[in-house]
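One-letter residues, chain by chain:
Protein chains: 2
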Amino acid sequence: MHSRFSLQVLTKMAIKKSICIVGSGNWGSAIAKIVGRNVLSSPDLFEAKVNMYMYEENFEGRKLTEVVNEKHENVKYLPGIKLPENIVANPDLIASCKSADILIFVMPHQFVRGTCKTMQEHIKDSALAVSLIKGFDKGPDGKILMISKLIEDILNIDCAVMMGANLAPEVAEEQFCETTIGCKNKEQGELLRSVFETDYFRCAVCTDIATIEMCGALKNVVGIGAGIVDGMGLGHNTKAAVLRLGLMEMVKFGELFIEGSQEVTFFESCGVADLVATCHGGRNRLLGENVVKSDKTIKQLEKEILRGQSFQGPLVAQEINQVLKEKNMLEQFPLFTAIYKICQREMDPREFINCLRNHPEHI
Amino acid sequence: MHSRFSLQVLTKMAIKKSICIVGSGNWGSAIAKIVGRNVLSSPDLFEAKVNMYMYEENFEGRKLTEVVNEKHENVKYLPGIKLPENIVANPDLIASCKSADILIFVMPHQFVRGTCKTMQEHIKDSALAVSLIKGFDKGPDGKILMISKLIEDILNIDCAVMMGANLAPEVAEEQFCETTIGCKNKEQGELLRSVFETDYFRCAVCTDIATIEMCGALKNVVGIGAGIVDGMGLGHNTKAAVLRLGLMEMVKFGELFIEGSQEVTFFESCGVADLVATCHGGRNRLLGENVVKSDKTIKQLEKEILRGQSFQGPLVAQEINQVLKEKNMLEQFPLFTAIYKICQREMDPREFINCLRNHPEHI
Numbered sequence: 002m003h004s005r006f007s008l009q010v011l012t013k014m015a016i017k018k019s020i021c022i023v024g025s026g027n028w029g030s031a032i033a034k035i036v037g038r039n040v041l042s043s044p045d046l047f048e049a050k051v052n053m054y055m056y057e058e059n060f061e062g063r064k065l066t067e068v069v070n071e072k073h074e075n076v077k078y079l080p081g082i083k084l085p086e087n088i089v090a091n092p093d094l095i096a097s098c099k100s101a102d103i104l105i106f107v108m109p110h111q112f113v114r115g116t117c118k119t120m121q122e123h124i125k126d127s128a129l130a131v132s133l134i135k136g137f138d139k140g141p142d143g144k145i146l147m148i149s150k151l152i153e154d155i156l157n158i159d160c161a162v163m164m165g166a167n168l169a170p171e172v173a174e175e176q177f178c179e180t181t182i183g184c185k186n187k188e189q190g191e192l193l194r195s196v197f198e199t200d201y202f203r204c205a206v207c208t209d210i211a212t213i214e215m216c217g218a219l220k221n222v223v224g225i226g227a228g229i230v231d232g233m234g235l236g237h238n239t240k241a242a243v244l245r246l247g248l249m250e251m252v253k254f255g256e257l258f259i260e261g262s263q264e265v266t267f268f269e270s271c272g273v274a275d276l277v278a279t280c281h282g283g284r285n286r287l288l289g290e291n292v293v294k295s296d297k298t299i300k301q302l303e304k305e306i307l308r309g310q311s312f313q314g315p316l317v318a319q320e321i322n323q324v325l326k327e328k329n330m331l332e333q334f335p336l337f338t339a340i341y342k343i344c345q346r347e348m349d350p351r352e353f354i355n356c357l358r359n360h361p362e363h364i
Numbered sequence: 002m003h004s005r006f007s008l009q010v011l012t013k014m015a016i017k018k019s020i021c022i023v024g025s026g027n028w029g030s031a032i033a034k035i036v037g038r039n040v041l042s043s044p045d046l047f048e049a050k051v052n053m054y055m056y057e058e059n060f061e062g063r064k065l066t067e068v069v070n071e072k073h074e075n076v077k078y079l080p081g082i083k084l085p086e087n088i089v090a091n092p093d094l095i096a097s098c099k100s101a102d103i104l105i106f107v108m109p110h111q112f113v114r115g116t117c118k119t120m121q122e123h124i125k126d127s128a129l130a131v132s133l134i135k136g137f138d139k140g141p142d143g144k145i146l147m148i149s150k151l152i153e154d155i156l157n158i159d160c161a162v163m164m165g166a167n168l169a170p171e172v173a174e175e176q177f178c179e180t181t182i183g184c185k186n187k188e189q190g191e192l193l194r195s196v197f198e199t200d201y202f203r204c205a206v207c208t209d210i211a212t213i214e215m216c217g218a219l220k221n222v223v224g225i226g227a228g229i230v231d232g233m234g235l236g237h238n239t240k241a242a243v244l245r246l247g248l249m250e251m252v253k254f255g256e257l258f259i260e261g262s263q264e265v266t267f268f269e270s271c272g273v274a275d276l277v278a279t280c281h282g283g284r285n286r287l288l289g290e291n292v293v294k295s296d297k298t299i300k301q302l303e304k305e306i307l308r309g310q311s312f313q314g315p316l317v318a319q320e321i322n323q324v325l326k327e328k329n330m331l332e333q334f335p336l337f338t339a340i341y342k343i344c345q346r347e348m349d350p351r352e353f354i355n356c357l358r359n360h361p362e363h364i
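Same order as they appear, the protein sequences are chains A and B.
For what it's worth, the numbering used here labels the leading residue of the first sequence as 2, then goes sequentially.
For what it's worth, the numbering used here labels the leading residue of the second sequence as 2, then goes sequentially.
Simulated from the structure, these hints should not be mistaken for laboratory data.
There may be inaccurate statements among the hints.
As the list claims (entries may be wrong) - Facing chain B, according to a computed beta carbon distance under 8 Å, are these residues of chain A, among others:
| # | residue |
| --- | --- |
| 1 | F177 |
| 2 | F258 |
| 3 | A278 |
| 4 | M330 |
| 5 | D349 |
We put the CB at the ideal spot given by N, CA and C, even for glycine.
The shape of chain A in the complex, shown without the other chains:
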């Protein structure tokens, strides 16, 4: 399933590839640090300059892109981490992406559709996209649409994915971790590995794209559950049980809704490892804890904890709840269902564990 990057194959492909990073939050900036260095160490393969599309903002009276390009640091979203000088922040989306061979999407999922629509007609037909975005979108039919599929549909190019236990600040500090790349074939896999792999950021490549992406979305629902356990002062056994039951609902969801979803994919970093990291260090865990400790709504907690940004978990919980309800499958997913109700404040979080006592996994 995994394949080691082969320099020979890639250099034969001849023309240097140009990379654009579409997005520039903390994860985008952490990955820019890796990509910027990797292209410099493979000058035969890649153009040295890497555009990073950045939504323009004001930062202490100046344009954020100017400050970033002067200081080589994303002073707003990843302060304290130096970026390679070949990473160039650019507020013009079309100028950033038009000559790119590889488009790395890394932005909140609600902005993807609009961004892709602006890019449409301006990108190379031969470009390869890779999505680092966690979450789902909704198709015109109201059904769940994977972000990679959304990108493919609008831009008419292939879209790979990369997900794993990759909390951005730790990656930025070069702490050892792993990730999972999902793409269509070996050639794409080798190319993307050469873009992303470092001695502290280890890549495994597989083709089960949709399962990888689903893990990236659903883990945040389970993370809320882990936070509820913490908020109630329960211990390691209960948290491990919630994590495992969440994992089994993720596997089940894959079986039912993803063609060709493989159990083995859940053993990759995008599966079990990201779930472990999310259930111990993610912000959806923090949300779960706060849901127990206060009576505030999710909106209020977002305002207080994330200064108005959205938690991913409740959105995904709502989206999958709609799908499961339509298919009359709610009882097969008691954990997802309970977390949806708790986020809606329709259920007391103290009832969470009671919803798991007769889980289908125990029958």
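Since the structure of chain A is already known, use the hints to place chain B on it.
Then chain B, alone, in the frame of chain A:
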């Protein structure tokens, strides 16, 4: 794979079954609380009195068994938790077990061989054993011998196993958790479920006995690795990667050394869940943390932290290292190998992560 306990089937089996708990440490006492209650709630199935074999000790000038039977509390190993009055501590091993139909083994693994030898010739031929013991033993050929196999060989009866994310103090407090029962057939599974399952202790039953047992031993090796990550002040990503790479080495070990080992067993509580609990709350994690923070030997740390008891992880690491070395397979298990060397103080724990950067999983 899982099957729900059916009262009809069991009551048809007629004669009431008698249970003996062989061992009485903190896990033994926590499980005694469950078993004691369960037999009372199924008076048609089980004899009310449950013998708990207890190695006699002095407790504040009195015999420990006397104090336990008077106070209905294991004042030495699980203080503060009331035991049902039908749990009767008995210092006479043969008297405790001779009329038992179900023998629950729960003691440190180094005592199993001697205990079984004493029991030999005194137990019922039709008895069923179930081992709750984590760890391996060594056969006369120097090879790894599962504890359940050791019990079967000496006593000439079937031995099931039960393992999972079950830290004893949390089970004693009735916090929700799951466990995995491994046994030969559905009938044994239903019987054991009726012995152990409660609304806070949920059982799943499968037949991959050796894999379940192997998980119970190997998880402690990985737990040391998680502790090393903590000791070095690294974050969630690295810990998740170590946990996952450890899990993959466990899967690989199963593939190579256990006939019929199934990947799906690692999704049970005995696999991923117990690993998560061990890597966050187990005492082998604590050992790993201390191995980084001091230069003391494992023996010294055992004296300080466990007052002379043994950590499981280093013993298991050594046993599997011998096997892997003989088979010339050390490079396939860089995590297990590094932890062995670190426990021997042959390697600086700060080198641990460097041993994982080119893990076979990344190739």
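Verification of the supplied hints:
1. At its closest, the beta carbon of A/F177 sits 5 Å from a beta carbon of chain B; the interface hint therefore holds under the 8 Å criterion.
2. Using the Cβ-Cβ criterion of 8 Å, the hint placing A/F258 at the interface with chain B is not satisfied: the shortest such distance is roughly 19 Å.
3. Checking A/A278 against chain B: minimum C-beta separation of about 4 Å stays under 8 Å; hint holds.
4. Residue-level restraint check for A/M330 is violated (minimum Cβ-Cβ distance to chain B is 19 Å; threshold 8 Å).
5. For A/D349, the interface hint is violated, since its Cβ never comes within 8 Å of a Cβ in chain B; the closest pair sits about 16 Å apart.
In summary, the structure is inconsistent with hints 2, 4 and 5 from the numbered list given earlier, while agreeing with the others.
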